[in-house]
Amino acid sequence: MSEHATSRIQAALSRRRFLQGTTLAGFGAFLAACSGGSSPSPTGAASPAPGDTTPPSSGPQQPTGPLNFANWDAYVDVEDDGVTSPTLVEFTETYGVEVNYANAQIEDNAGFVATIRPQLQAGVDTGWDLIVLTDWMAAKIVEAGWAEKIDEANIPDAVANLRDELKGLPWDPNQEYHYPWQSGATGIGYNSVSTGRELTKVADLFDPAFATKVTLLNEVRDTLSLIHRMLQAQGLASDNPSEELTVEDVQAVVDYVQPFVDSGHIRAFTGNEYLADFGTGTTWAAIVWSGDLASSAGPDDVFVYPEEGSNIWTDNMLIPKGAKNKYTAELMVNWVYDVERAARLANWIYYISPVNGVADAITELDPEAGDNPLLFPPADVVAKQHPLPNWSEADESAILDLFSTLTGE
Amino acid sequence: MSTARRMRALVDRWAVPAFTALVIGYLLLPVAIMIAFSFNDPPGRFNFVWGEFSLAAWGNPLGRPRLDDAITTSLGVAVVSTVAATSLGTLIALALSRYQFRGQGATNLFIFVPMATPEIVLGASLLTLFVATAQEPLRTLTGGALFPLGFQTILVAHIMFNISYVVVTVRARLQGFDRRLEEAAMDLGANEWSTFWRVTFPLIFPGIMAAALLAFSLSIDDFIITTFTAGTSNTFPIWVWASIRNNLPPQIHVIGTIIFVVAVGLVVISTIVGNRNNRAAAAVLAPR
Amino acid sequence: MRRPRWLIPWLLMAPGLLWLLAFFVLPNLQMVAMSLSSGTIGTGFQLTWEFNNYLGAFGRFPDNFRNSLVYGGLATLLTFLIGYPLAYGIAFRGGRYKNLLLFLVIAPFFTSFLIRVISWRIILGDNGPIIAIARDVLSLVPANFSIINTPLAVVSGLTYQFLPFMVLPLYVSLEKIDHRLIEAARDLYAGPWRRGGLVWGAAGGALLVGVLLFALGYADPSLDGLLGSLPVMVVGGFAGAGIGSLLVSESFVRVTFPLSLPGVFAGSILVFIPAIGDFVNAELLGNPKTQMVGNVIQGRFLQQNDYPTAAALSFILMAAILVAIAIYARVLGTEELTGGRA
Chain H
0 MSEHATSRIQ AALSRRRFLQ GTTLAGFGAF LAACSGGSSP SPTGAASPAP
50 GDTTPPSSGP QQPTGPLNFA NWDAYVDVED DGVTSPTLVE FTETYGVEVN
100 YANAQIEDNA GFVATIRPQL QAGVDTGWDL IVLTDWMAAK IVEAGWAEKI
150 DEANIPDAVA NLRDELKGLP WDPNQEYHYP WQSGATGIGY NSVSTGRELT
200 KVADLFDPAF ATKVTLLNEV RDTLSLIHRM LQAQGLASDN PSEELTVEDV
250 QAVVDYVQPF VDSGHIRAFT GNEYLADFGT GTTWAAIVWS GDLASSAGPD
300 DVFVYPEEGS NIWTDNMLIP KGAKNKYTAE LMVNWVYDVE RAARLANWIY
350 YISPVNGVAD AITELDPEAG DNPLLFPPAD VVAKQHPLPN WSEADESAIL
400 DLFSTLTGE
Chain W
0 MSTARRMRAL VDRWAVPAFT ALVIGYLLLP VAIMIAFSFN DPPGRFNFVW
50 GEFSLAAWGN PLGRPRLDDA ITTSLGVAVV STVAATSLGT LIALALSRYQ
100 FRGQGATNLF IFVPMATPEI VLGASLLTLF VATAQEPLRT LTGGALFPLG
150 FQTILVAHIM FNISYVVVTV RARLQGFDRR LEEAAMDLGA NEWSTFWRVT
200 FPLIFPGIMA AALLAFSLSI DDFIITTFTA GTSNTFPIWV WASIRNNLPP
250 QIHVIGTIIF VVAVGLVVIS TIVGNRNNRA AAAVLAPR
Chain D
0 MRRPRWLIPW LLMAPGLLWL LAFFVLPNLQ MVAMSLSSGT IGTGFQLTWE
50 FNNYLGAFGR FPDNFRNSLV YGGLATLLTF LIGYPLAYGI AFRGGRYKNL
100 LLFLVIAPFF TSFLIRVISW RIILGDNGPI IAIARDVLSL VPANFSIINT
150 PLAVVSGLTY QFLPFMVLPL YVSLEKIDHR LIEAARDLYA GPWRRGGLVW
200 GAAGGALLVG VLLFALGYAD PSLDGLLGSL PVMVVGGFAG AGIGSLLVSE
250 SFVRVTFPLS LPGVFAGSIL VFIPAIGDFV NAELLGNPKT QMVGNVIQGR
300 FLQQNDYPTA AALSFILMAA ILVAIAIYAR VLGTEELTGG RA
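Residue numbers (numbering that gives the first Met the number 0), protein chains in the order written: chain H, 0 to 408; chain W, 0 to 287; chain D, 0 to 341.
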C-alpha cells in the first residue's frame with residue numbers, strides 16, 4: 000500500500016542524514032548504507048492481529064534501520080548549527096543505524112494520530128517506529144491495542160531509571176507499552192510587577208483585583224483538573240481525584256467559572272500566547288506550562304506550583320503496531336534513559352526529565368539547572384502533582400461539549 | 000479666495016497619496032516587525048521579546064531541523080500550483096467572458112462555490128478523499144498517487160482552491176476588453192490562434208500576472224488546507240505552527256524577510272522592465 | 000477543424016472544471032453524506048439521514064452565527080472604506096509605481112500568518128504603542144481600556160487580513176476606466192461634491208460610528224446606549240461631512256464611482272465570504288464571547304471529532320453565503336458578479 004512511497008521517503012531522508020556530514024565510522028557508514036537501501040518487505044512487517052504479539056526476546060538481535068522517529072519540536076538537543084543532534088549522532092555511531100528523526104512531525108496529538116489512524120485500523124505498518132504522544136492520547140492508542148509491547152530485556156536502563164512518580168498509570172500499569180520522553184508541569188504563572196503581590200493558589204486567579212487580566216488554558220484537561228482541585232480545597236466539589244473527573248465534576252467547574260468568563264474577568268482561553276501577553280502587560284496571571292517559563296520567562300515572570308496541587312503531563316514514547324524496526328526503537332528508548340545522556344537532553348529541552356538522578360548529573364553541565372524547581376520539582380510539590388485525566392469516549396464528548404460552552408465555541 | 004483654492008488644490012494633490020502611504024504603512028507594520036525581530040537574539044525560546052541585536056540567525060538561516068525541507072516544499076508547491084492554476088483558470092475566464100453558451104450562469108456561480116467553502120471543509124473533505132484512495136477501487140484509478148499524503152496531495156489541494164481566484168481576477172481584466180482589436184486583427188488576416196497570442200494575450204497579460212501573483216501568495220501562505228493534506232511533509236506555515244508549542248526561533252523571521260525581499264526585488268525589476276516596454280509600445284501605438 | 004461554436008468554451012473550461020469536479024465536488028459530496036451521518040470516530044460514522052444534525056447545529060450556536068455575520072460585515076465595510084481610497088490612489092496616482100504599490104498591498108501574505116497575528120498581539124497589547132498613545136497621550140480612553148481579546152481586535156484582525164482582497168478588484172476596476180470619461184466628467188462636474196457631500200458625509204459618518212460602537216459592544220443596544228454614544232457620533236458626522244464635501248469631487252460621485260461598481264461588488268464578496276468563515280482571528284485575538292462559526296467548526300472537527308455536526312455547520316455557512324451571492328446575482332446579473340460585463 001504505502002510501502003513504496005514510504006521507502007522512497009525513508010531513502011531520501013537517510014541520504015540527507017548521510018550527507019549532513021555526521022561523523023560516521025567507516026563500518027557504521029557501510030551498515031547504514033546497506034540498511035538504508037533495504038526496502039521493507041511488502042506485507043511481512045504487518046502484524047494484523049490487534050492483540051498480544053510479544054516479540055522474541057533474547058538472542059543476539061541486530062538493530063535494523065533506519066529508525067523512523069517522530070517527535071515534537073525542540074525535544075532533542077542540537078548543536079550550534081541548529082540541526083545535528085549529539086544524542087542521535089552518538090546513537091548512530093554506537094549501533095550503526097541511521098535515525099530519521101522527524102523533528103516537529105508531531106504538532107498536535109489528534110492531528111498526528113489522524114495521519115496514522117487508517118493504517119492502524121487496517122493493521123498495517125504506519126511507517127513510524129517510535130512516536131511521542133501526550134498521556135491521554137497515548138492511553139487511547141494503548142487501549143485500542145495499537146502499541147507494541149516493549150521487551151524489557153532490551154531496556155535495562157529505562158526500567159532501572161524511570162522515576163517512580165511516573166509509574167503505575169491506570170492505562171499501562173505495568174509499564175509495558177510506553178516510556179516517558181519528558182514531562183511538564185501545569186501551574187500558575189504571573190507577572191510580579193503587574194500583580195504587585197505573590198500568588199500561591201489557583202484561587203488567586205479569581206481575585207477581583209485581577210479582573211480582565213487573567214487567562215486560562217484552552218487545553219481542556221489542564222484547566223478542568225486545576226479548577227476542580229481548587230474547588231475541592233474550598234469544599235465545593237466532590238472527592239474524586241482530578242485524574243478521574245466525571246461529567247458532574249466538570250459541570251460544577253463550568254458552573255463556577257462561567258460567571259467569570261461572562262463578566263470578562265477571565266479574558267480568554269489561550270495556548271502559549273500568554274508569554275507574549277505577560278510581556279505586553281495584557282495578562283497579569285494565567286494557568287501556564289512550566290517549560291515555557293523555564294526557558295523563556297521575562298525578568299518579572301514567576302511560575303508557581305499552586306497549593307492545591309499542580310498537574311504533571313508527560314509526552315510518552317510508544318512503538319506503534321507493525322513497526323519495522325522495533326528492536327532499534329527499544330534501543331533508542333533505552334538510550335535516552337542513560338543518566339548522563341538524559342541530563343544532557345534535559346539541559347537542552349528544559350522540561351522535567353523522567354530519569355532518576357538527572358538532578359545531580361545536570362549540575363556538571365549547568366550548576367544552576369540542578370536547583371531549578373521548574374526542572375526538578377521538589378518532593379513536596381511532587382507529592383501533590385496529578386496526572387491528566389483520561390475519559391471514555393462518551394464522557395469525553397459530554398465534557399468537551401461542556402468546556403466549549405465556556406470557551407464559546 | 001485664491002488661498003482657499005490653493006489650499007484645496009494642495010489637499011486634492013496630497014490627500015490621496017498621503018492616505019495611500021498611511022495604509023501601506025499599516026499593511027507593512029507586521030512586516031517591519033518581522034524584519035526587526037530577525038535581528039533579535041531573544042532572551043528565551045520565543046522571539047516575542049527584544050533581547051539584543053544579533054546577526055546569528057542571519058548567519059544560520061536554515062539552522063533548524065527540517066526547515067530546509069519545509070521551505071523547498073512550500074516554494075515547489077507554490078510555483079507549480081501557480082502555473083497550473085493560472086493556466087486552468089485563465090482558460091475558464093476566457094470561456095466565460097467571451098462566449099455566450101448555455102450553462103454560463105450556472106458555471107459562473109459554480110466557480111464561486113470553492114471560495115464560499117470554509118477552508119476547514121475543503122481540507123477535511125480532501126483528506127477523506129485521499130484516505131479513501133488507499134482502498135480499492137479508487138486505488139488503481141489513482142495509481143496510489145494520492146495516498147500516503149505528501150507533496151503531491153498538497154499540490155492537488157492548492158491548485159484546486161487557486162482556480163477560482165484566478166478566474167475572478169482574470170475576468171475582471173477581461174471585462175471591457177475591446178473586442179474590436181481582435182476583430183481588426185482577424186480582418187487583417189490573422190487566424191484565431193495568432194490573434195489570441197499576438198493581440199489578446201499581451202493585453203490581458205497584466206491581469207494574468209496579477210492572478211498568478213495572487214495564486215502564489217495564497218499558496219505560500221496557506222495553512223488550514225495544507226494541514227489536512229500534508230501528511231508527513233511540511234510547508235513553511237506548518238513548520239512554524241508546529242514549532243510554536245515549544246519555541247519561536249528567529250529563523251522564522253529571517254526566512255520571512257528573505258522571501259519578502261526577493262519578492263519585492265522581482266516586482267521592482269519587472270516594473271523597470273515593464274516601463275521600458277511600455278515606453279516602446281507607446282511610441283509605436285501613438286495615435287495618428 | 001470546423002468545431003461547433005458551442006463546444007469551444009466547454010473545451011476551454013474542461014481541464015479546470017474537471018479538476019474542480021474531482022477535488023472539490025466529489026469530496027464535498029462525501030462531506031454532505033457525513034453531515035447526515037451519526038456516530039463517533041471510534042465507532043465509525045454511518046449515513047443515517049440524520050437531518051436533525053442541521054436543525055441541531057443551527058439551534059445550538061446562534062451567537063456564533065451572529066458574531067460571524069456582524070464581524071464579517073464590519074470587516075467588509077471597513078476594508079471598503081480603507082481600501083477604496085487606497086485603490087484609487089494606486090490607480091490614478093500610482094504612475095510608474097503601480098505594480099510595486101500593488102505588491103506591497105499583498106506583501107503581508109509573504110510573512111507567516113502566525114507572525115502577523117503575534118505582531119498584532121504585541122502592537123495591540125495593553126502596554127503597546129496603540130493603547131499608550133490613546134490612553135496616555137490623547138486620553139481618549141479610560142485607564143483599563145484593552146484592545147486584545149475584544150471584538151475590536153477581532154474586526155481589526157479581519158480587516159487587516161482581507162484588505163488586499165478588497166483592494167485588488169477595486170484597483171482592477173478603477174484602472175480600466177477610460178480616462179477620457181473622467182476628463183469629460185471633470186469638465187461637466189467641476190469641483191467638490193459640496194452639497195451632497197455635506198449631507199451624505201455627515202449622515203454616513205455618524206451612522207458608521209454608531210454602527211461600530213454598537214456592533215463592537217461599546218454601546219448598549221438601548222436608549223441609554225444611544226444617548227451615550229451621541230457625542231462620538233456627532234464627531235463622526237463632522238468628520239464625514241468634512242471628507243464628503245471637501246475631498247470628494249462631484250465627478251467622482253457621478254462618474255468614477257458608478258463605473259467602479261463591479262470592482263466594489265467583487266471586492267465585497269471576496270472579503271465577506273472568507274471573513275465570515277474565518278476562525279484564526281477570533282481564536283487568537285478574541286474572547287469566548289466573540290467566537291465565530293468558524294471556531295465552532297474547527298473545534299468540532301479537530302478537537303471533538305464530531306464530524307457530522309461540523310459538516311452540517313459548514314454547509315449551513317456555505318448555504319448562507321450562496322444565498323447572498325444568489326441575491327447579488329439576481330440584482331446584478333451573474334456577469335457582474337465575476338467582473339463580467341457591466
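Check before you lean on any hint, since a few could be wrong.
[What the hints assert, rightly or not] One side of the interface only, derived from the structure: several residues of chain W facing chain H at Cβ under 7 angstroms:
1) Asn-39
2) Gly-43
3) Arg-44
4) Thr-127
5) Thr-132
6) Arg-178
7) Arg-179
8) Leu-180
9) Ile-258
10) Phe-259
11) Ala-262
12) Thr-270
[Unchecked claim] Here are some chain W residues the structure puts well away from chain H; computed CB gaps all over 10 angstroms:
13) Arg-5
14) Tyr-25
15) Phe-100
16) Leu-126
17) Val-130
Think of the hints as simulated: they come from the structure by calculation, not from any bench. Remember, predicted model here, so these are calculated numbers, not experimental data. Don't be surprised by glycine CBs; every beta carbon is placed ideally from N, CA and C.
Now the hints, each set against the structure:
1. Asn-39: Violated - the Cβ of Asn-39/W stays beyond 7 angstroms from chain H, reaching only about 13 angstroms at its closest.
2. Gly-43: For Gly-43/W, the interface hint holds, since the closest Cβ of chain H sits about 2 angstroms away, which is under 7 angstroms.
3. Arg-44: 5 angstroms, holds
4. Thr-127: 10 angstroms, violated
5. Thr-132: 11 angstroms, violated
6. Arg-178: It is violated, given that the least Cβ distance between Arg-178/W and chain H is near 49 angstroms, above 7 angstroms.
7. Arg-179: Result: violated, 54 angstroms to nearest chain H Cβ.
8. Leu-180: 50 angstroms, violated
9. Ile-258: The hint is violated - Ile-258/W has no Cβ within 7 angstroms of chain H, the shortest such distance being about 19 angstroms.
10. Phe-259: 22 angstroms, violated
11. Ala-262: 25 angstroms, violated
12. Thr-270: 37 angstroms, violated
13. Arg-5: 45 angstroms, holds
14. Tyr-25: Answer for Tyr-25/W: holds, closest chain H Cβ roughly 19 angstroms.
15. Phe-100: 42 angstroms, holds
16. Leu-126: 8 angstroms, violated
17. Val-130: Not fine: 5 angstroms to the nearest Cβ puts Val-130/W too close to chain H.
In this structure, the earlier hints numbered 1, 4, 5, 6, 7, 8, 9, 10, 11, 12, 16 and 17 are contradicted, and the remaining ones agree with it.
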